[in-house]
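**Student:** Using the sequences and the hints, build the whole thing.
Line by line, the protein sequences give chains A and B.
Heads up: the first sequence begins at 15 in my numbering, then just goes up one per residue.
Heads up: the second sequence begins at 25 in my numbering, then just goes up one per residue.
None of these hints come from the bench; they were simulated from the model.
These figures come from a predicted structure and were not determined experimentally.
The beta-carbon is built from N, C-alpha and C at its ideal position, and this holds for glycine as well.
Errors might be hidden in some of the hints.
[Claimed, not checked] Below, in silico cross-link-like pairs of lysine-lysine (DSS-like), each with a Cα-Cα straight-line distance of 25 Å or less:
1. B:K238 to A:K241
2. A:K121 to B:K78
3. A:K168 to B:K238
4. B:K423 to B:K403
5. A:K265 to B:K78
[Said to hold, decoys possible] Here are a few chain A residues that face chain B, going by a calculated C-beta distance under 8 Å:
6. E183
7. P187
8. I215
9. I217
10. T219
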Amino acid sequence: MIIVVCIKQVPEIADVKIDPNTKPLIREGVPTILNPFDEFAIEEALRIKEKQGGEIIVVSMGPSQAKQAILKCLAMGADRAIHLTDSLFAGADTLATASTLSKTIRKFVPKFDIILCGKQAIDGDTGQVPLEISELLGIPRISGITKLEIEDRKVVAHREIDEGYEVLESKLPVLLTALKGLNEPRLPNIRGILSAKKKEIKIVTASDLDSNTNQFGLTGSPTQVVKIHTPEPRAGGIIIHEDDPKIAVNKLVQFLKKERIL
Amino acid sequence: MIKVLDNCTGCGLCVSYCPFGAITLIDKFAQIGETCVLCGACERACPVKAIEIKREIVTPTEVSKYKGVWIFIEQHRNQLRSFNLELLNKGRELADTLGEPLMAILLGNNVMSLTKKIAAYGADKIYVADHEVLENYNSDSYTDVLTGAISKYKPSILLFGATINGRELAPCVAARLRIGLTADCTGFEINENKQLVQIRPAYGGNIMASIVSKTRPQMATVRPNTFKIGEPNWNKEVNVEQIEIAVDFKTIRAKRQDVVREETITTLNIEEADIIVSGGRGLGSPDNLNIIENLAETLGAAVGGSRPVVDSGWLPHQQQVGQSGKTVSPKLYIAVGISGAIQHIIGISTSDIIVAINRDPEAPIFKVATYGIVGDLFKIVPALATEIRKLSKKRENEKL
Ligand SMILES: Cc1cc2nc3c(=O)[nH]c(=O)nc-3n(C[C@H](O)[C@H](O)[C@H](O)COP(=O)(O)OP(=O)(O)OC[C@H]3O[C@@H](n4cnc5c(N)ncnc54)[C@H](O)[C@@H]3O)c2cc1C
Ligand SMILES: Nc1ncnc2c1ncn2[C@@H]1O[C@H](COP(=O)(O)O)[C@@H](O)[C@H]1O
Chain A
15 MIIVVCIKQV
25 PEIADVKIDP
35 NTKPLIREGV
45 PTILNPFDEF
55 AIEEALRIKE
65 KQGGEIIVVS
75 MGPSQAKQAI
85 LKCLAMGADR
95 AIHLTDSLFA
105 GADTLATAST
115 LSKTIRKFVP
125 KFDIILCGKQ
135 AIDGDTGQVP
145 LEISELLGIP
155 RISGITKLEI
165 EDRKVVAHRE
175 IDEGYEVLES
185 KLPVLLTALK
195 GLNEPRLPNI
205 RGILSAKKKE
215 IKIVTASDLD
225 SNTNQFGLTG
235 SPTQVVKIHT
245 PEPRAGGIII
255 HEDDPKIAVN
265 KLVQFLKKER
275 IL
Chain B
25 MIKVLDNCTG
35 CGLCVSYCPF
45 GAITLIDKFA
55 QIGETCVLCG
65 ACERACPVKA
75 IEIKREIVTP
85 TEVSKYKGVW
95 IFIEQHRNQL
105 RSFNLELLNK
115 GRELADTLGE
125 PLMAILLGNN
135 VMSLTKKIAA
145 YGADKIYVAD
155 HEVLENYNSD
165 SYTDVLTGAI
175 SKYKPSILLF
185 GATINGRELA
195 PCVAARLRIG
205 LTADCTGFEI
215 NENKQLVQIR
225 PAYGGNIMAS
235 IVSKTRPQMA
245 TVRPNTFKIG
255 EPNWNKEVNV
265 EQIEIAVDFK
275 TIRAKRQDVV
285 REETITTLNI
295 EEADIIVSGG
305 RGLGSPDNLN
315 IIENLAETLG
325 AAVGGSRPVV
335 DSGWLPHQQQ
345 VGQSGKTVSP
355 KLYIAVGISG
365 AIQHIIGIST
375 SDIIVAINRD
385 PEAPIFKVAT
395 YGIVGDLFKI
405 VPALATEIRK
415 LSKKRENEKL
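**Tutor:** See the structure below:
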């Protein structure tokens with residue numbers, strides 16, 4: 015089983031700040047983590063490998079610091095990694111990202127069986143990249159899975175829907191996106207952390223993928239951010255301190271009546 | 025541009041995959057007919073990759089060929105959930121600003137009866153693809169049919185609900201057409217160049233980004249519960265055009281074997297509810313869930329929860345609010361025994377009114393709450409439910 019896991023390094027949400035003069039995000043000094051949804055993806059890949067054997071290849075596009083997230087995956091047990099890093103990739107929207115990732119997979123891991131991704135990345139929160147990869151590679155996809163079984167080159171997965179889940183069956187190769195509930199990601203142990211340092215991390219740049227570098231990064235992106243602003247932070251409102259719960263509740267009800275919500 | 029390459033073996037798979045009946049085999053070679061709309065179903069079906077579709081990125085001169093605002097109507101068991109009506113209302117406004125028509129596209133099985141409502145809520149015209157394969161959403165057939173319709177009718181804007189299915193389908197269509205897509209928008213404007221400015225929160229709502237697309241149609245998914253529903257006009261003419269399609273179950277690659285409805289899931293979906301009552305670890309035990317359920321029932325509200333509540337299995341994952349759950353924007357969000365960690369706040373920051381009930385005056389939830397009560401939830405929540413019940417009784421009596 016050859017499993018590609020696409021992972022992304024993301025800022026730890028709580029600390030994202032934007033320059034007060036509405037200039038770009040301040041990324042320096044912001045702690046970063048492996049996208050939480052991607053942990054489910056990598057864990058699932060490890061479980062498949064433990065049962066069926068095979069190889070796990072981590073693919074990540076991002077600046078050189080993204081190596082930390084890659085190392086974490088290698089420490090958890092992935093076999094090797096491809097790190098796409100080049101200033102030409104900067105500013106890529108979801109389509110340009112998906113296109114870069116699918117070119118990479120087609121070129122360097124053409125015989126994959128499964129691609130696992132996180133449901134979405136917590137920075138951009140789009141969840142679009144994996145689905146776009148599936149379409150660009152022409153393979154089926156099942157998004158938002160909470161359970162997976164593989165047998166006879168077939169996957170059966172539970173896909174979360176509003177009222178429960180649907181059970182979908184697909185042949186390999188297939189792309190799957192992992193949701194919370196799929197598994198409990200393991201923590202890397204010391205041995206894993208040490209062995210990660212010896213595993214291969216192949217660096218790939220734009221010219222390794224295509225001589226026409228216009229299609230990468232910002233220039234290759236059909237969407238463009240024209241403005242970024244910080245919304246007014248939600249101000250705290252009226253706090254009711256009353257010893258008698260009845261009085262407190264009465265006050266609240268008056269406020270909600272005034273708001274015409276009650 | 026579509027081309028059949030020399031390595032075509034004449035196997036005929038593309039003929040049976042084409043939803044628009046555009047391919048015939050002549051001398052063991054696929055011929056693309058005039059009804060081809062470049063949906064791409066054949067390209068993905070061809071086992072020897074002998075069909076090639078070249079899609080041009082829309083040039084400025086071609087932009088003017090794309091006209092009209094489209095709403096993808098997501099029916100669910102032949103019902104229209106309210107976000108469809110919100111999208112129609114916002115779409116109407118955008119169409120009027122542009123001086124272009126508002127159109128809806130509806131996929132399903134025996135869905136003609138829905139067209140009257142779609143027209144009443146604003147659509148000038150409705151394209152319908154009615155077929156048993158489309159009864160339930162599946163990403164393969166829906167992508168084929170929708171991509172085909174877009175290529176044929178060339179709308180300038182296309183909006184989807186940012187629902188579970190909408191957020192799966194839209195990227196598939198976008199990638200097949202090689203066009204831009206903006207996720208989970210909460211605002212739209214038309215700028216001086218008549219472009220659609222798509223506004224969305226990012227980084228957990230810490231920033232708002234305004235995004236434009238170079239490609240057409242300009243596509244976005246739209247967060248439910250963000251826009252108002254308009255007044256219906258039931259006298260509005262219903263103008264329907266049926267899209268002729270011949271989709272087949274065998275073209276679906278991820279086949280649905282079963283649907284499991286979980287009983288524990290409340291019927292009200294938290295992403296679409298006007299009022300949500302959410303419980304946190306402060307509830308102490310799953311036996312106390314009835315306290316918030318009771319309040320929710322009184323208010324006609326949906327029930328949500330913080331992560332620990334879901335992780336402990338008290339509530340299903342579908343009801344988790346926050347970064348690893350759902351982002352909600354109800355008119356009223358009542359947080360009961362929730363501390364207000366950043367990962368939770370991210371999921372509720374676009375709510376109109378937040379009410380917090382917590383015994384710890386220092387709980388961070390009070391920093392974002394419109395109204396807060398410091399106190400014991402076990403006393404306050406039942407008292408609140410009683411008070412609201414009294415109020416609605418009184419109103420009923422006044423009406424009589
Ligand atoms: C990657 C990541 C993703 C996450 N995603 C999410 C997410 O999607 N959603 C989410 O909610 N969290 C998420 N979290 C977890 C989040 O950080 C918090 O741990 C969580 O929100 C806390 O839940 P809580 O408020 O219910 O519990 P607690 O923090 O334990 O708060 C319980 C509150 O109840 C109050 N209380 C107790 N008893 C009473 C009483 N009798 N009356 C009144 N008040 C009482 C306490 O004062 C306290 O403030 C995530 C964390 C991480 C690291
Ligand atoms: N730059 C990237 N490199 C590798 N994988 C990515 C990248 N961006 C997104 N992904 C994958 O796509 C998923 C969803 O991301 P997004 O579409 O950005 O919300 C992530 O969880 C990753 O699995």
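**Student:** Are the hints correct? Go through all of them and say.
**Tutor:** Evaluated hints:
1. B:K238 to A:K241: 15 Å, holds
2. A:K121 to B:K78: 20 Å, holds
3. A:K168 to B:K238: Measuring from Cα to Cα gives roughly 39 Å; hence the hint is violated.
4. B:K423 to B:K403: Status violated; Cα separation ~31 Å.
5. A:K265 to B:K78: Not satisfied, since the Cα-Cα distance of roughly 65 Å exceeds 25 Å.
6. E183: 5 Å, holds
7. P187: This hint is violated: A:P187 lies away from chain B, its Cβ roughly 11 Å from the closest one there, beyond 8 Å.
8. I215: Violated: closest Cβ of chain B sits about 27 Å from A:I215, beyond 8 Å.
9. I217: 26 Å, violated
10. T219: The hint is violated - A:T219 has no Cβ within 8 Å of chain B, the shortest such distance being about 23 Å.
In the structure shown, a violation is registered for the earlier hints numbered 3, 4, 5, 7, 8, 9, 10, in ascending order.
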